[in-house]
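Sequences are here, hints too, so could you generate the full structure?
From first to last, the protein sequence lines are chains A and B. FYI, in the numbering used here the residues of the first sequence are 1 to 262. FYI, in the numbering used here the residues of the second sequence are 1 to 414.
One or more hints might be untrue.
[Unchecked claim] If you anchor each label on the Cβ, the simulated ranges turn out as follows:
#1 A:LYS12 / B:THR26: 27 to 37 Å
#2 A:PRO136 / B:ARG344: 50 to 60 Å
#3 A:GLN194 / B:LYS34: 34 to 44 Å
#4 A:PRO136 / B:VAL279: 18 to 28 Å
#5 A:PRO136 / B:THR278: 49 to 59 Å
#6 B:ALA274 / A:LYS12: 53 to 63 Å
#7 A:LEU143 / B:LYS152: 49 to 59 Å
#8 B:ALA274 / A:GLY78: 34 to 44 Å
#9 A:GLY78 / B:PRO58: 46 to 56 Å
#10 B:THR278 / A:LYS90: 26 to 36 Å
#11 B:ARG298 / A:ALA250: 34 to 44 Å
Hint data in this document are derived by calculation from the structure and do not stem from the laboratory. Glycine residues also receive a C-beta, built at the ideal position from the N, C-alpha and C atoms.
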Amino acid sequence: MINSDFLSSYIKKERQAKPILIMAHLVLGYPDFKTNHEQVDVMVKAGADIIEMQIPFSEPIADGPVIAKANQLSLARGTKIQDCLDFAQKVTTRHPKKAFIFMSYVNILFMRGIANIISQSEKAGIKGWIVPDLPPEEADVYLAECAKHKISPIFIYAPTHSLARLKTLANYSKGMIYAVARKGITGGKTNFNQELIERLTIYRKIAKKPLAVGFGISQAEDVDFLIGKADIVVIGSKLIEVLDEGGLTALDLFLRKIRGNH
Amino acid sequence: MKLKYDSYYGSFGGRFNPEILHGVFTELTETFEKVKADNNFWLEYEKILKNYSGRPTPITEATNLTAHFKGAKILIKREDLNHTGSHKIDNVVGQGLLAQRMGKKRLIAETGAGQHGVAVATIAAKLGFSCTIYMGEIDAKRQRPNVFWMEKLGAEVIEIKSGSRTLKEAINEAFRDWVNNPKDTHYLLGTACGPHPFPSLVAWLQSIIGKEAKRQMIKDYQKLPTKIIASVGGGSNSLGIFQEFIEHKEVGLVAVEAAGLGVDTDNHSMRLTANKGTVGIAQGYKTLFFQDEEGQMRKTHSIAAGLDYIGVSPILAYLVEKKRIDCAAISDKEALIAAKLTMRKEGIIPALESAHALAQAFKEAPKMDKKDIILVNLSGRGDKDIFNFGDLFFDKKWQTFIKQKAANQIESKI
Chain A
1 MINSDFLSSY IKKERQAKPI LIMAHLVLGY PDFKTNHEQV DVMVKAGADI
51 IEMQIPFSEP IADGPVIAKA NQLSLARGTK IQDCLDFAQK VTTRHPKKAF
101 IFMSYVNILF MRGIANIISQ SEKAGIKGWI VPDLPPEEAD VYLAECAKHK
151 ISPIFIYAPT HSLARLKTLA NYSKGMIYAV ARKGITGGKT NFNQELIERL
201 TIYRKIAKKP LAVGFGISQA EDVDFLIGKA DIVVIGSKLI EVLDEGGLTA
251 LDLFLRKIRG NH
Chain B
1 MKLKYDSYYG SFGGRFNPEI LHGVFTELTE TFEKVKADNN FWLEYEKILK
51 NYSGRPTPIT EATNLTAHFK GAKILIKRED LNHTGSHKID NVVGQGLLAQ
101 RMGKKRLIAE TGAGQHGVAV ATIAAKLGFS CTIYMGEIDA KRQRPNVFWM
151 EKLGAEVIEI KSGSRTLKEA INEAFRDWVN NPKDTHYLLG TACGPHPFPS
201 LVAWLQSIIG KEAKRQMIKD YQKLPTKIIA SVGGGSNSLG IFQEFIEHKE
251 VGLVAVEAAG LGVDTDNHSM RLTANKGTVG IAQGYKTLFF QDEEGQMRKT
301 HSIAAGLDYI GVSPILAYLV EKKRIDCAAI SDKEALIAAK LTMRKEGIIP
351 ALESAHALAQ AFKEAPKMDK KDIILVNLSG RGDKDIFNFG DLFFDKKWQT
401 FIKQKAANQI ESKI
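Below, the structure is given as structure tokens:
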């Protein structure tokens, strides 16, 4: 079953018409679910291809200050996992032509029951999952449930990885490989340079599946830089900052500017 | 039963890290395996602790407390007499040597009570590392003297203003730093928690406490204690003294958590006691956490910053599950009363953390036979708690002094 999952087929199909796809991120329940609905509609209309929805957790250790704070504020408002599943059901029904994935930390899956949350995700129309603190060595149940429910488990490439580690992760990752553009947490600054190009070339050779690049993408030039080197660009913290500062109008403008040229 | 250092203890432990830390954890695990098999490492470790920290720490017979409670003989393992004032120096010396072997240039650490932070800042100065300490804003306020000394020792102290602003946020932030600087930095985790190999590594380094205690008991008392009592935050001091005695079934081991405002309130730091903790995965490891049914961590409370934490060592969670260790919980108030009594009766000023262990000993001693022996692990001294004690004792003279001091113009005389 080489790359036969929904997500990689979807990405390949969309890529035929576009030089690069956009994966837009949001934290569920932040600032609130009503805004989240409008946010997703804006993202889809402005040209996002994949929507990454983060279920908030109280200890988001891989996230930087912007996303960590959004997690905290969402939980302070009382966001529950069921709210996130219900939300997913609605937006995936409303936008059947787009791909939606979930991201959260392992305790959220573990406490709900991995089998339960993965099957619920499938029912809600989710196509992939990212769990940054669940390495494949600890993921037997998760991987089995994902396979059973046609969910692509997406693993992450880091700049510090050895070739052996890249190969291991490529074996487990479905749909895409999520490559971290630089060392560090979300929301920092990335140098788009020769070193990154070389790394992405190696990743492509080893991964043999769509390559998404995230962490530190904050302007249209960054996206231009990645064309031809990656299949998907992931925009996370920046979209929250744009929304916080200028609301949905600013979010729409920002995404259109990025999509505009391509 | 015998304890084997591994990545899992029963179903507890493991390693749940962001991928970016895969390399550093592989390196750390390999180095740990090497030094564990290298007897010279342990000898060097013991030598530094002897000449720099004053180990072995003595066991003091608490004659007045024993007479007061009219039961078991109360002995105190004096970890408070270590350099920097607590058992934390052991782990820090050991991991400092490890960091040198790995060629690291910088140490980072979390701290709750500030005892671990001071120890890390101290060893960074001694071994020539640059140093950053993460501390929750609430802890930094309630342990201000330790913040002062960390800075004077050359460390940068970063206060965390997000979340519950206590130990768990400090750990999250230290991990974020490490994710940003995996090459040149060693994260010197202070307790037997976190992803493998930290629980094993810290427990192994702290086992020096129990090894000494066993030798001392046999030499001076010709028998092992009936019970050993230690306070539990993450678990480093309790595992430090317990490990050596695990295979001696006749020795009772009691882990004392913080009941905070009371066992029946929501303001406590209990994970082992009274089924308050449930199995979860956070901060890189699987253990009993104080969390809600959806896996969100709850707010903990203790008068003692070093006990105010959501998780607990996976090794302790395992030993409690196997019923090798008993647990108990002591309230803020009980700890304070025990601290006061220990000062008056024995001339020893315990840290608020360690006072929880003393309070439990005082509950158990009267119910035991005069031939029985309770060994309390006094993990640290109370100097750092001077402002807390000042408030808690509601000491009028001290408060007047603080007000006067604050009102005075500050001028350097040098």
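Contradicted hints - numbers only: When the structure is compared with the hints, numbers 5, 8 turn out to be violated.
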